[in-house]
Structures are given as C-alpha cells and as structure tokens.
Amino acid sequence: MISGIDMSVPMIAGLLDSIIEEMGAKDRREHERRMKDLQIIENSNLKDEYVKQLLLDRILYPVERAQHDIQNAAKHAQWLSEIVLFHYKDHGLTQEQAYELSKQIKLLAIQITHADSLHDLKFVYAVITMFNNKVSVFKHSKREYSIHYNIRDHILNKLNSCIATGNNFKVREELMKMMTGQGLPALEPQK
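Residue numbers (the working numbering): 1 to 191.
Hints may contain errors.
[Claimed, not checked] Subject to a maximum C-alpha distance of 25 angstroms in a straight line, what follows is the list of computed BS3-like cross-link-like pairs (lysine-lysine): (1) Lys134 to Lys106; (2) Lys26 to Lys36; (3) Lys134 to Lys122.
[Stated by the list, open to error] Now the in silico label distances, taken between C-beta atoms and shown as ranges: (4) Ile20 to Asn160: 38 to 44 angstroms; (5) Thr129 to Asp90: 21 to 27 angstroms; (6) Asn160 to Leu38: 38 to 44 angstroms; (7) Leu55 to Thr94: 55 to 61 angstroms; (8) Thr113 to Phe86: 20 to 26 angstroms; (9) Ile59 to Asp153: 28 to 34 angstroms; (10) Gln53 to Trp79: 33 to 39 angstroms; (11) Thr94 to Gln71: 43 to 49 angstroms.
No wet-lab data here; the hints were simulated from the structure.
Small disclaimer: the values here were computed from a predicted structure and weren't measured.
Just so it is clear, CB atoms sit at the ideal spot from N, CA and C, and this is done for glycine as well.
Sequences and hints are given; from them, build the entire structure.
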C-alpha cells in the first residue's frame, strides 16, 4: 500500500467521479479563458488578423509537419549509417563494405535535407528506392533489422507521406486560386 494515501473501498468508489469533476472544472476554466480572449479580440481591430493567423496555421500545419518528417527521415539515415558500422557482420558485410555503405547512407541523408521542392523530394524518393533495391542483397537474420527494411519503413514511408501532403497542398492552392477569381468564378451565395 502507498503510504499517505487511503485507498479504502469508499475512496475507490468515488475516485472516477472526483477525477471527472476535477477534469471538467479544469476544462470549464480553460473554456472561460478562451472566451474572454475571443471577447477581447471581438471588441478590437485584431479580429481580422487573428482569423488570418488561424487560417494560415491550419493551412500550413500539414506542410510544416511534412518538413518535420523529412528531417526525421534524414536523422534516421544518419542513425542507420552508424548502425551499419557496428553491426556489419550481422548483415553479411565486410568492414570495408560497411564503411562504404555507411558513407553512402550519410550522403542519402544529405540529399534528403536538400530537397527544397516537391519535385526534389520526388527525385530523392526515386533515388532512395533504387538505392534500397541494390542494398537489399545484404540480409539480416531478422527482417526488422535488415537495412532495406529500415530504409523502406523509416525513410521511404515518411517521404511518401510528405509527397502526398505536398500534392494535396498544391491541389488546395489551385482550388483556392480558382475560387478567388483567378480561374473559375467563386460560388455565389444562394438568395
């Protein structure tokens, strides 16, 4: 039993209700605070700017998340390059092959970080896919530790998601252009 805490049956019986009440009170206080903030904004010239910032945050979040995932893929490549050096025998590599493969994986990490556009990212994805196909000859006894599995699972899959995010962003951007008069006319409200 934990000293200082009475966990008798009546205490346990009301535990969930007291936690729900406590969390509900905290949630209500946070809601009231946000409503006060919104009231201040409503009564000022900041309202339009606040709405613009909320929209920008919502629109750009997926792109920022994709950039974060790209950097994580590069970090994983750096990590993998070090692992290859320590566990080269487990993959059927000689020490010399491991050194060269490690160097090549580090170069992949550099290529990933230099992808500044969707076109660059697609190119890097294709390069890594072909590279992964070539290194798949180095097998590990456990699939989850193999080099090609790690590259596919922790690098290619992340980059593929980022490419999809980029494509979706471009589609949204084109749709917004069309709706704001740069293409098809915007939808008119019904009378």
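Quiz item: Can the suggested window of 38 to 44 angstroms be confirmed for the beta-carbon pair Asn160 and Leu38?
Solution: 39 angstroms, holds
Exercise. Starting from the range 33 to 39 angstroms, see whether the pair Gln53 and Trp79 falls in it by beta-carbon distance.
Key: 36 angstroms, holds
Quiz item: Under the criterion that the straight-line Cα-Cα distance not exceed 25 angstroms, is the pair Lys134, Lys106 satisfied?
Solution: 16 angstroms, holds
Self-check item: Whether the CB-CB distance between Thr129 and Asp90 falls inside 21 to 27 angstroms
Solution: Hint holds: Cβ distance 24 angstroms, inside 21 to 27 angstroms.
Quiz item: Quick one, are Lys134 and Lys122 close enough, alpha carbons at most 25 angstroms?
Solution: 19 angstroms, holds
Quiz prompt | Hint consistency between Lys26 and Lys36 [alpha-carbon to alpha-carbon, up to 25 angstroms] | solution = 16 angstroms, holds
Exercise. Using the beta carbons of Thr94 and Gln71, state whether their distance is inside 43 to 49 angstroms or not.
Key: Taking Cβ atoms as reference, Thr94 and Gln71 lie about 32 angstroms apart, which means the hint is violated.
Self-check item: Assessment of proposed distance window 55 to 61 angstroms (beta carbons of Leu55, Thr94)
Solution: 56 angstroms, holds
Quiz item: Cβ-Cβ distance between Thr113 and Phe86: within 20 to 26 angstroms?
Solution: 23 angstroms, holds
Quiz item: Taking the beta carbons of Ile59 and Asp153, is their distance inside 28 to 34 angstroms?
Solution: For Ile59 and Asp153 the Cβ distance comes to about 30 angstroms; the hint holds.
Exercise. For the range 38 to 44 angstroms, tell me whether the beta carbons of Ile20 and Asn160 fit it or not.
Key: 42 angstroms, holds
Violated hint for the displayed structure: number 11, the only one.
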